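Visitor: Here are the chains, one letter per residue:
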Amino acid sequence: MGRILNLRIFRGNAADGGLADVAVEAMEGEVILDVIHRVQAEQMNDLAVRWNCKAGKCGSCSMEINGKPRLACMTRVASFEDGETITITPLRAFPVIKDLVTDVSFNYKKAMEVRAYEHPVDLKPGDARMQQIDVERSQEFRKCIECFLCQDTCHVIRDHEENKKSFAGPRFFIRLAELDMHPLDTVRNRKQSAQAEHGLGMCNITKCCTEVCPEHIRITDNAIIPMKERVVDVKYDPLRWLGSVIRKRDGIL
Amino acid sequence: MANGVFTEGRATLSARTFRTDKWWLQPLFTVIVLLSFIVYATFRAFENGKYFAEPLISPFYSPCLSTACVNGSTSFVGTIFGTYHILGMTVSPSLFILIFPLAFRLTCYYYRKAYYRSFWMSPPACAVAEPHSKYTGETRAPLIIQNGHRYAFYAGLVFNVFLTIDAIGAFRNERGQWGHMSVGTLVLLANATFLWLYSASCHTCRHTVGGRLRNFSHHPVRYKLWTWVSILNHKHQNFAWISLFGVALADLYVRQVSGHSIRNLYFF
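Each protein sequence line maps, in turn, to chains Z and P.
The first sequence: position 239 = 378 (our numbering), numbered continuously.
The second sequence: position 181 = 389 (our numbering), numbered continuously.
To be clear, the hints were calculated from the coordinates, so they are not data collected in a lab.
Keep in mind it's a predicted model, so treat the numbers as computed, not measured.
Cβ coordinates follow ideal geometry from the N, Cα and C atoms, glycine included.
Among the hints, a few may not be true.
[To be verified] Computed from the model, here is a short list of chain Z residues facing chain P with C-beta under 7 Å:
hint, residue
1, I143
2, K207
3, T228
4, A267
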């Protein structure tokens, strides 16, 4: 025997919509995605919801639960009080398609703007060797499941639609950091492009991206701030610039 | 025109946030604590008194570099500034130096998060709509100056050295004889320790010791340093608060001793 949950679910599309109240039974051990599926099966057959793995690894069921960007499959029903009304809305930084499904194509466009890894031309296949300590920093960033919760919560685009043109967002800052820290990547102007093309300077490091990351990637501390410091190296620090000129090396580019 | 979460095309919802937790508590707490510190520090900086009680000197006045410093409190590097008067009042020696630790904290990555959220509400909390219609981040003046954090960090290190020397100097008694220890010694030692931990855990420190490298394997010593600083960096927020309280409490202790409100108890 489960308990009755009171949900308020967004129903509608870009033109019109609102919150619909519904009561649904929840069993012990269930997550919010389970009860959404029960609502869909029993009460709202046309409720649109995007989901896939139900294991917190595909990043499909991103939505906002009581105002917080979360994965529905990783949000336990038991974490809510008896009698509490749970509000479930689509991601509010992106255009809504229908009900809980949003159009996240903004992120795919931004992904295409990041210049890909370039391998050293003089290194033959099989000759590339890297120490574990050189790649482990980047490996943290490879845990990203592209749920786009960090993008959704980032106030730079969530609260300012006009910034979407010039700001890539935290998900792509970890991509840029991963590439810039890669010992073999030959692209040498990632710091400059992070600032000029991807809008790194817009970030005011309020760490919301880190707070919502379901993979617990320390986005701000390990990617954004290190990238900001690298940008300072090449753009704002006269002593570093002077040092690189005197020592005639381009190691910081 | 509607902007932010009310932009056309997004879910048509009228609430700025649907968060049900007390999201406003943290920014409110930050405002209260930081404002309290600012008020106290400003009062002490302008008070121009009760900052020295042999062998203790307040961290708000060290190094004391002005000829206006009270007898015995002048730094070992001597005086750089003269005695100046504005509107008939002597300019406090504290005003010549406080700009440096202040700049370190103002540009600190942790404090930036704290005051952007709590004072500027940009945003007040995660997924809570901010009240501003435009946002340019740290791309233009005056906030672009945040990129100078590393210079404030270097200045902060110099101050840590002075305050550590003060703490060592507190192993003397009121007559300047070495080999003594008092509650004031512990207070200044704790203050210097917390300040070193705050500086060592700084993101700029982490970048400087090794974070900027691409190949850790080519720099094993710097890699080791980076791993140590990274461990401290996890606690940077805690050290930021503890060291802030530490400075204020150390100053308060010296003020009370100097004003003869309490006696500096000697262990030996």
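Visitor: Now tell me if each hint is right for this structure.
Guide: Now the hints, each set against the structure:
1. I143: 18 Å, violated
2. K207: Status holds, d = 6 Å.
3. T228: 6 Å, holds
4. A267: Violated - the Cβ of A267(Z) stays beyond 7 Å from chain P, reaching only about 13 Å at its closest.
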